[in-house]
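*Asks:* Assemble the whole structure, with the sequences as input and the hints as a guide.
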Amino acid sequence: MKLQHYLGGLEGLGPIDFEKRVFVQDWEKRIFGIHVAMMALSTQLPLPATPSKFKTVWTWADLRKGAESLNPFDYFKFRYYEKWLGGISGYFVSNGYITQEELDARTQQFLSATPPAPAAGGDPAIDQRINTYLVEGDSPKRSGAMTPKFAKGEKVYVKNVPSVEHTRLPGYLRDHVGIVDTVYPGLYTYLTNTGPDGVGDAMPVYCVQFDPQTIWKGNTDAKAEIYADLYEAYLEKVN
Amino acid sequence: MSSETTDRSAASPQELASAQENALRFSRRNLLIAGATAAASPAFAPGSVTPAQAQAPATPPQRFEYPPNREALSAARAKALESLLIEKGVITGQSVDSVLSFFETQMGPFNGAKVVARAWLDPAFKQRLGEDTPAAIATLDLPKGMAGAEGEHMRAAVNSPTLHNLVICTLCSCYPWPVLGLPPYWYKDPTFRSRAAREPRVVLKEFGLDIPPSVEIKTWDSSAQIRWFVVPERPAGTDGMSEGELAKLVTPEGMMGVAKV
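Those sequence lines, one after another, are chains A and B.
Residue numbering for the first sequence follows the working numbering, starting at 11 and increasing by one per position.
Residue numbering for the second sequence follows the working numbering, starting at 33 and increasing by one per position.
Simulated from the structure, these hints should not be mistaken for laboratory data.
Treat each hint with caution, since some may be false.
[As the list claims (entries may be wrong)] Pair ranges (Cβ atoms, derived):
#: 1; chain 1: A; residue 1: S173; chain 2: B; residue 2: E103; range: 32 to 38 Å
#: 2; chain 1: A; residue 1: R31; chain 2: B; residue 2: P99; range: 21 to 27 Å
#: 3; chain 1: B; residue 1: E275; chain 2: A; residue 2: A232; range: 34 to 40 Å
[Claimed, not checked] Below are the DSBU-like pairs computed for lysine-lysine, each with C-alpha atoms no more than 30 Å apart in a straight line:
#: 4; chain 1: A; residue 1: K233; chain 2: B; residue 2: K158
#: 5; chain 1: A; residue 1: K151; chain 2: B; residue 2: K176
#: 6; chain 1: B; residue 1: K146; chain 2: B; residue 2: K176
No experiment lies behind these values; they were computed from the predicted model shown.
Beta carbons are placed, not taken as given, at the ideal position from N, Cα and C, and that holds for glycine.
*Replies:* Listed below in structure tokens is the structure:
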């Protein structure tokens, strides 16, 4: 069991920090921009090639996998974009784009009293592709002959699939029964194949309604429903 | 002076910076290594240990300690990474700024506000928005990209006097970029994500939004590829306002369900 997969419903966390800013430190903007650029330049997208030297795959799944694989104490210790900075830096090192030594040395230079001037230049086609990605997106919707197994109004059981490093099944729903609220038209892929967890290939997706009283009995809202969008691989018939 | 304070002063600034940089280097495997290194490093000078302390574990866990220059270190690391990526031809000197500018001018809550204002004025549009969100949005004069990144498949949850909707993402931070831009800190914080699933009414009250017990709350957890936003109710006293005036009233918080408009 990975704590990060079971955040929904976790008790004892105290008051919420109603911080409205997106970026609470200026540096967070830089790592966000780098992440979007990586997603846009990722090689699996059907976009025109550019002179960028980025020649590997980077999607939300890679970013999420990094955060979900952390020691849970570190997951809570590090702020949102601190996790991004660690995960993305690690990716560029482990994929050979930069070395750890280069990164450490350059970091020290920026910490010094005489930081280097910002780097500049590059082919505008790279930024054009980033803009195209933002405008066009990367739809996971596919057409196919697969017929949804479940119908609107039908009860479904949420499987407790094997725990792997990355999932799109919230832990609090595992082993619970819900009711299909929406059968989304078409089929949906996921950004990566999660192996025994079961998503990746094109399959139906449902919006499923759950009664919080069956999940957190006596310890939840008396007049509420919780809905989750779930891939068919996570569901089975109620016996 | 506590022994912890003494311990910290025993390490040189360079040692501290080095250990703390290690702690930031947390690709999954490296994180474990960094943790092990921190635990094994001499945390205090032996001469300062009293007999009572000597019987305690030699290296108390330091897991929740942050470097004194936590933000400066991250800022330098982010700058270092960006500059190396530019030099190596991965991104350009303009890439990060052009991404940020896109969210300031093209994709942001100003789009969602226009969608909501139209829904307040046009009941047929409002109904279609709830039933087929992308089709309804496509009829409006909005920037290109309303079905772009993180908005390829959006759904609107429409509030009414008897129903209040709240959008969450318990697994990460899924958010409908074309209509709302980027998520605020609170939406990404584990505390909100954990608590809003189980006790939405209590959480909303902390946000200053009192939802009476008679009103049903529907919480939408964005766990697949659909991105949700809320259509808040039109506030009283806005009769006769233009679409543009109404749009100015709509807040991102209202479109996530943690505030009324």
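*Asks:* For each hint, tell me whether it holds in the structure or not.
*Replies:* The hints, checked one at a time:
Look at S173 of chain A against E103 of chain B: about 34 Å separates their beta carbons, and that is inside 32 to 38 Å. With their beta carbons about 22 Å apart, R31 of chain A and P99 of chain B fall inside the hinted range of 21 to 27 Å. A C-beta distance of roughly 38 Å is found between E275 of chain B and A232 of chain A, which places it inside the suggested range of 34 to 40 Å. For the proposed pair K233 of chain A and K158 of chain B, the alpha carbon gap of about 25 Å is at most 30 Å, so the pair holds.
As the CA atoms of K151 of chain A and K176 of chain B are separated by approximately 20 Å, the hinted pair is consistent with the 30 Å bound. A threshold of 30 Å between alpha carbons decides the hint, and for K146 of chain B with K176 of chain B the separation of about 14 Å falls inside it, so the pair holds.
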